[in-house]
Amino acid sequence: MNAQFKRGIVELCVLTELASEDMYGYQIINNISQHLDVNENTIYPILRRLTKDGYFKTYLRESSRGAPRKYYQITEEGFEHYLHLRNQWDEFIGGVYDILNKGGKKHEDVLRKFKNRTTKAKTQ
Amino acid sequence: MKTFLESLKTELQKQKLNDQEIKEIIEDHEEMIEEAMNDGLNPEELNIKFGNPESLAKELAEYKSNEPDQSDLPKDQIKEYLFNLDEINKLNFKLLDEKITIKKSSDTTYKVICLKGNPNRYIIDVSNGELCIKRITKAGIKYRVFRPTDSCDFQLLIPNEHLLDSVMIQSKSSDITISHLNTDILNIEGLSGDIDFEEVSAKNLHLKTISGDVKMKRSIFDHIAMSLVSGNVNIDDIQIEGDVTIGTVSGDFSINNGQCNTLNYSAVSGDFKGIEFYPEKVSIRLVSGDFILENRQKEKTIEVLSQQSLSGEIKL
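So the sequences go chain by chain: A and B. Residues in the first sequence are numbered consecutively from 1, following the working numbering. Residues in the second sequence are numbered consecutively from 1, following the working numbering.
It is worth saying that the hints were derived from the structure and are not from the lab. All values reported here derive from a predicted model rather than from experimental measurement. Do not take every clue at face value.
Taking lysine-lysine and the DSS-like style, the derived pairs with C-alpha atoms no more than 30 Å apart in a straight line are [said to hold, decoys possible]: (1) A:K105 with A:K122; (2) B:K23 with B:K273; (3) B:K23 with A:K57; (4) A:K57 with B:K14.
Kindly produce the complete structure, drawing on both the sequences and the hints.
Listed below in structure tokens is the structure:
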């Protein structure tokens, strides 16, 4: 996948994770890499950049593991940014699906139509 | 996974990230790797999860260069504030990460210059003789996030030899550079910013920092009280009329050329090294650090009031 495209999507995923609750770094990476084929190399730089941009704040909280964990918390601006990206994404992906579904919603539909067309072309 | 952290550090240095950033990134990764290991991931799974330090460092550096160029406002946007010399006898800075430079000018007015950032996010004003520079964190009712790009670099120009009553600077990570300052009280509190003095003269210096390094050159004080944790201190050519009290944990202390009345020094693991430094009396408390004075003028004696050391060496 195009790196820039991937970054944009992962950014939205990171924002979505933190929009629901405060999390520590490893937790965010774990949650996202369970669903998507991305690793720390992609997620951490985004987390750091969004923090630098003031979209997340961090704080330390004691934990059972011994040393305190660094938690990320979304700020008001971060939340606005999240809503903005989410709207953009919905609009974009909606448009993409409109195009994809033109031939039918399933592989079988698309294949059937394709066969119809090719057989017609042969008989002509 | 130690090798991952080591090669990450090397790669980050190759990408020329600054030390502070590298430190933060490494700390974050120490935490994450520890979590992953607690989670029971085997080395192979760790490799998959954490990927390649080189590409990570490149990714982190890329953002750095993509950052909107927040430094240096266009010339016409550099803001200057002028204040009358007679109005001012105190300075008060309450800041977070702004760079602060104080130096002398040949003008007869005080001048505050904002070299970058958004000066509207600060109070820059004089009242009751006090020139104040503070961050505004709350505007009206709505809490406003102070963006990193809002941070200003401040330069304060002080008319030559103007004597102040007090100078207070509070900040977290500001690097502070002060030259040619004359004040009765000089009070600096920081966490991680570096502090640099040149030709500063003050009756009472109070300095507190956690990890900031301190450098002083050609300065004169009556009394000094310094408290540090891990910052290093480097002093060249200093004259102290009265006493010096220094407390540090692991920072090293080096001092060249100077004198004082009583030196009270306490440290845990930091080393003290003085060359041509002549306190009249010393009182030393160490745990494992060393205390060494190398002086050539043998006729100047140093009276030892007390000395305690667990495993450090004391050589006078």
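Against the structure, the hints:
no.	hint	in the structure
1	A:K105 with A:K122	holds (26 Å)
2	B:K23 with B:K273	holds (27 Å)
3	B:K23 with A:K57	holds (18 Å)
4	A:K57 with B:K14	holds (28 Å)
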